[in-house]
Each structure stands twice: as C-alpha cells, then as structure tokens.
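Please take these sequences and the hints and turn them into a complete structure.
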Amino acid sequence: MKNSLVVWWQTFEQKPQQCWLISLAWLLLLSWVAFLWNIGVLGVMDKTEALFVEVAHQMYLTNDWITPHWNGQTFFDYPVWGYWLVALSFKLFGVSEWAPRLPVALCAIAVVWLSFYTLRFWGFFLGEKTESTRSLWIRAWLGAGILALNPGWVGWGRTSVTDMFLSSAIALTMLSFYLGYVNSERPKVQKIWYGLTPVFAAIAVLAKGPVGLLLPSLAIAAFLGYVGQWQAVWREVKGLLLAMIVIFCGIAVPWYALATQANGLTFLNSFLGFSNFQRFTSVLYRHAGPWYFYLPWCFILLLPWSTFLPLTLARLQFWRRKVWQHSPRDRQLGLFCFFWFILILLFFSSAATKLAGYILPIVPAGAIMITLFWSEEISLAPTKIKYSWAFFASGIFNFILLLVMAIAAFISPQFVGSDPAYPNFAQVLSESGLPIVFSLILSLATLLMGVSLFHKPFRAWLWSANLVGFLGTMIFVIPSLAPIMDSQRQQPFRELSQIAGQTVKPKECIFVMGYPRYSLVYYSQHPATFLDDVPYAIELLQKENDPNPLATVLIVTDPQLLERFKLKQEDYQLIAKKGVYHLIRVPKSILIRRSQ
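UniProt numbering numbers the first residue of the sequence shown as 1 and each following residue consecutively.
In case anyone wonders, no lab produced these hints; they're calculated from the structure. In this text the structure is predicted, and so the values were computed from the model without any measurement. Careful: at least some of the hints might be erroneous.
[As the list claims (entries may be wrong)] Now the in silico label distances, taken between C-beta atoms and shown as ranges: (1) Ser432 - Ile66: 42 to 48 Å; (2) Phe397 - Trp32: 28 to 34 Å; (3) Ala576 - Ile436: 34 to 40 Å.
[As the list claims (entries may be wrong)] Dumping the calculated DSBU-like pairs for lysine-lysine here, alpha-carbon to alpha-carbon at most 35 Å: (4) Lys238 - Lys188; (5) Lys588 - Lys566; (6) Lys91 - Lys47; (7) Lys456 - Lys15; (8) Lys354 - Lys47; (9) Lys322 - Lys238; (10) Lys322 - Lys191; (11) Lys507 - Lys577; (12) Lys543 - Lys505; (13) Lys322 - Lys456; (14) Lys188 - Lys322; (15) Lys505 - Lys588; (16) Lys588 - Lys568; (17) Lys47 - Lys568; (18) Lys507 - Lys456.
Positions of the beta carbon are idealized from the N, C-alpha and C atoms, including for glycine.
Structure follows, in structure tokens:
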C-alpha cells in the first residue's frame with residue numbers, strides 16, 4: 001500500500017483524468033466544509049448581518065426590487081446586488097437562517113474555484129524555467145486550500161453581509177482580466193476573459209458602489225504601467241472596448257437609474273454623498289483608526305498562512321522593475337497579485353472610516369502570493385534549497401503561533417466566563433469537551449510544524465501543518481461549536497424577539513436598550529427603536545404627544561439597563577424573560593413620570 005502511494009505520488013501527473021477527479025473532490029470538500037456545512041445553525045447575527053438580511057427580507061416580502069427598506073425606512077447604505085441574491089434565495093428556498101447565507105457562500109466558493117483554475121494553468125512564479133504539469137497541479141490544490149481555509153474568507157463567506165459580495169466580485173474581475181492578459185496567444189480565449197471582466201466589475205459596482213470599479217481599475221492600471229504593457233493591452237482590448245463599456249453599463253447602470261427615478265435626491269445624497277464620499281473623508285459610526293489599522297488585519301485575515309507573508313512579499317522582489325518588464329506574462333501572477341493586494345490596502349488605509357471587512361478583497365491576492373511562495377519551495381529539490389534566516393524565523397513564528405493557540409484553546413472557557421450577557425457559555429463550552437478537541441488538533445499541527453521545521457528535507461512542506469490544523473478545526477470543532485454558540489448567545493434573544501412580534505399592539509413602540517441588536521427587527525417583523533440612554537427614550541415619547549392615557553411601550557433590555565428607568569415592579573408587566581433579556585410592557589405615562 002505504501003509503495004503504491006509513493007508510486008502514485010511520483011507519477012500522478014501522467015493521469016490527467018484522475019487528477020481532475022481528485023481536484024473536483026478536493027474543491028467540493030473545501031466548499032462544503034468551509035462555506036456550506038451548518039451555515040444555518042447560527043441565528044442571524046447582530047448587528048450588521050441582521051440589518052443586511054432584513055433589508056433583503058423586506059425586498060422579498062414587498063416585491064420592491066428597487067428601493068431597499070429597513071426598520072420602516074428607506075435604506076441606501078449599500079447598493080442592491082447582495083439584497084437581490086438574498087431575496088432570491090428567500091424566494092427559492094423559503095425564509096430561514098441558511099437561505100440568506102447561501103448566496104454569500106457561493107460567491108466565496110466561486111473565487112476559490114477560479115483561483116484553482118488560474119493556478120492550475122497559469123500559476124508560474126518569476127524565474128520558473130520549466131512548465132511542469134506536476135507542479136501546477138500541486139500549487140492549484142494548495143492554493144485552493146489556502147484561500148478556502150483562512151479566517152477572512154471563511155468568516156465572511158458564512159456571513160450574509162456586503163463585504164463578501166464586493167470582495168468576490170473584485171476577485172473575479174481581477175482574475176478574469178489576468179486570464180485574458182496571459183492568453184495573448186489565444187485571441188478567442190482572451191476575448192472571453194476580457195469580456196467577463198466588465199461583467200464582474202459591474203457586479204462589484206452593484207455590490208458596493210463606485211469603489212467596485214475604482215479598486216480593480218487602480219490595481220490593473222498600476223500593474224500594467226509597472227510592467228510596461230499599457231500599449232500592448234490597449235491594442236488587445238481596443239476592438240472590444242465599446243462592447244465592454246456596453247456590457248458594464250448594461251449591468252451596472254439600470255438599477256442606479258431606477259433608484260434615482262424612484263427616490264430622487266434622497267437616494268443620491270444618501271448613497272453617493274453619505275455612504276461613499278463621507279465614509280471615505282469622515283469617520284462614520286465611530287469607526288476610526290490610525291493609518292496602520294489594517295496592517296495587523298492583513299495578518300489576522302490570512303492566519304495561519306500569513307506568518308510567511310512578509311517573506312512572500314520579499315521573495316517577489318517587486319522592486320526589480322526591469323526584471324519584471326522582461327519576464328513573460330505568464331510569470332507575472334505574483335506581481336499582479338501584489339498590486340491587487342497593496343493598492344486596496346493603501347486605498348482603505350487612507351480612508352477615514354475603517355472596518356476590518358473593508359480589506360477583505362486582499363485575501364485572494366494574499367493567498368495566491370503565499371501559494372506561489374510555497375510552490376517555489378516545493379519545486380526545488382531538498383538538496384538545492386538554501387533556507388535563509390528569514391525562512392527559519394517565519395517557521396519559528398508559525399510554530400509558536402500554533403503552540404500558543406493550542407494552549408489558548410485548552411483554557412478558552414476561562415476567557416469567555418466573564419461575559420455577564422452569556423453567564424452559562426463557559427460552563428457549556430467546557431462540558432462539551434470542544435476545548436480539548438480543539439487543543440489536540442492544534443497540538444498535532446504544532447508537532448507537524450516542529451518536525452518539518454527541524455528536519456530539513458521536510459521544510460518545504462511546513463504549510464501542511466497549517467492545512468491539517470485549519471481543516472481539522474473546520475471538520476471537528478466548528479460544527480459542534482456553532483450550536484453551542486447559538487443556544488447560549490443567539491437563541492434567547494431570537495425567541496424574545498419572536499414573542500415581541502407576537503404580542504406587540506397596533507401603534508405600540510418597541511424600544512431596545514443597550515447594544516443595538518438589529519435581529520429583533522428580523523425576528524419580530526416589527527420596527528424598533530434602538531437606544532443607549534434613558535433621556536433619549538423619554539424625549540421620543542414626549543414628542544409623540546399621544547393623548548391616550550393607556551398607551552404603552554414594549555422594552556427589550558437587561559435588568560441593569562432597566563434600572564435606569566427607575567421603574568417599580570408594579571409599574572410594568574413582565575411578558576417574557578429569555579437568558580438575561582427581559583421583555584416588558586409599561587404605560588408611557590408611567591415611564592415618563594418615573595424617569596423625570
């Protein structure tokens with residue numbers, strides 16, 4: 001058996017049909033484990049996902065596919081692409097927790113598959129002298145694994161928010177252009193890929209606005225200018241330019257025109273002025289950050305692979321412009337991804353409003369660059385590899401990271417036990433045995449990393465420890481952890497929200513005190529007012545000037561926040577209690593009087 005595996009490994013490239021079957025199985029496994037398995041176990045999460053999903057839900061309920069609505073008002077923070085896909089999913093599969101996450105998962109999967117294709121046929125690194133089919137297969141398999149198995153792509157690929165819709169569209173735009181760029185000797189194939197580029201760029205604009213066109217354009221323009229290919233590419237696309245513009249405008253423009261027609265200046269001021277221009281020039285929603293805000297996030301989003309990211313960037317030698325200018329197009333994938341990575345990073349670093357999800361589009365670029373780095377290591381015979389101190393230092397850092405994570409996993413119940421909003425979470429987590437399982441998986445990965453690091457012939461396979469650790473976590477930890485998190489963190493508030501929706505009276509307000517848990521609007525199917533202080537609540541009630549002395553208000557909060565209203569127990573009716581949250585009904589007159 002062992003000899004058979006060795007023989008197969010040494011000759012697998014000679015059986016292409018078998019390689020494609022293995023590739024299909026690997027891609028399906030990654031797609032299922034990373035993005036589809038148990039995506040409906042967690043309830044819709046607060047606060048961004050709950051808001052995004054409810055907008056799509058209202059689109060589905062009202063059949064208004066032009067104007068987004070949330071909480072009883074128009075909502076123009078984002079364009080419509082993500083809403084359309086989620087609303088369509090509701091229409092096809094019904095309203096559930098997994099239906100709104102299916103489209104975002106499919107978008108993440110699409111990028112993994114196209115990245116696999118790109119690496120399989122064009123995944124060459126600078127200076128590679130031979131076109132080894134064997135090497136291309138290995139780097140395609142590895143690249144798909146690195147892209148599918150990292151916190152950024154998994155986390156946002158399982159959460160129905162706009163970031164993945166934009167990031168996937170940008171990634172598909174970039175990869176389509178590159179596939180057209182490298183197929184210069186096959187004009188018909190080149191036209192297809194160049195023709196797909198404006199399709200995905202238009203989708204990116206529908207997903208997030210002008211930034212969906214601006215970011216790919218900046219990266220592609222910078223890359224072409226650097227390698228001196230502007231004129232050559234212009235000659236290639238000149239005959240397609242009009243068609244590309246028509247395709248782009250035909251996809252991107254109609255909704256913007258219809259939204260403007262339906263909502264006038266309200267849409268233009270809210271979307272273009274507030275959600276785009278002000279988001280870049282001003283700090284919105286208190287999401288500020290220093291210029292280096294995204295540097296640690298580059299590392300976090302691509303863990304554990306990012307331990308070798310600095311060495312990967314150095315190995316590219318992007319500063320050797322003449323070398324890159326004289327290199328064949330099919331050896332420029334690393335540099336192309338570098339400009340993709342760095343331009344997006346610089347753009348969002350210069351913006352005033354900063355959120356981690358904004359730089360999600362760099363993840364595919366980073367994953368491909370890291371893949372090319374390891375491909376170069378694997379392609380060299382062990383006797384020819386000269387490992388630098390930087391390589392060894394990166395490996396030691398990776399080893400320490402896995403070791404620390406293994407220890408942290410083992411003692412994790414101690415870290416989560418201090419949250420008063422979820423008092424039983426630590427106990428349930430500890431009793432499940434998951435911290436031990438998680439720690440064992442990471443310990444195995446640490447052991448593999450140590451053996452590979454200190455045994456020179458295996459150093460080119462250091463990445464396998466990260467693959468084992470992350471894949472093992474996705475298979476043996478996450479499926480069991482998700483139901484625990486839901487039962488302790490999501491389910492109580494979800495059930496209380498549903499009760500609020502069933503008991504709310506006509507014209508009765510719902511106040512949510514404390515952290516803005518927007519999922520109440522989704523699960524109660526009733527507008528709500530989200531407050532963080534009592535004076536504002538009283539001000540709103542006084543403005544209503546309701547003459548009905550029996551008028552009441554529903555309040556969802558925890559006991560500590562409830563004390564701020566200075567209510568006595570006989571002042572209100574306790575309708576339900578779930579976890580730490582209370583749902584009460586109190587007359588407006590009493591609420592105003594007690595709080596003064």
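Violations among the numbered hints: 18
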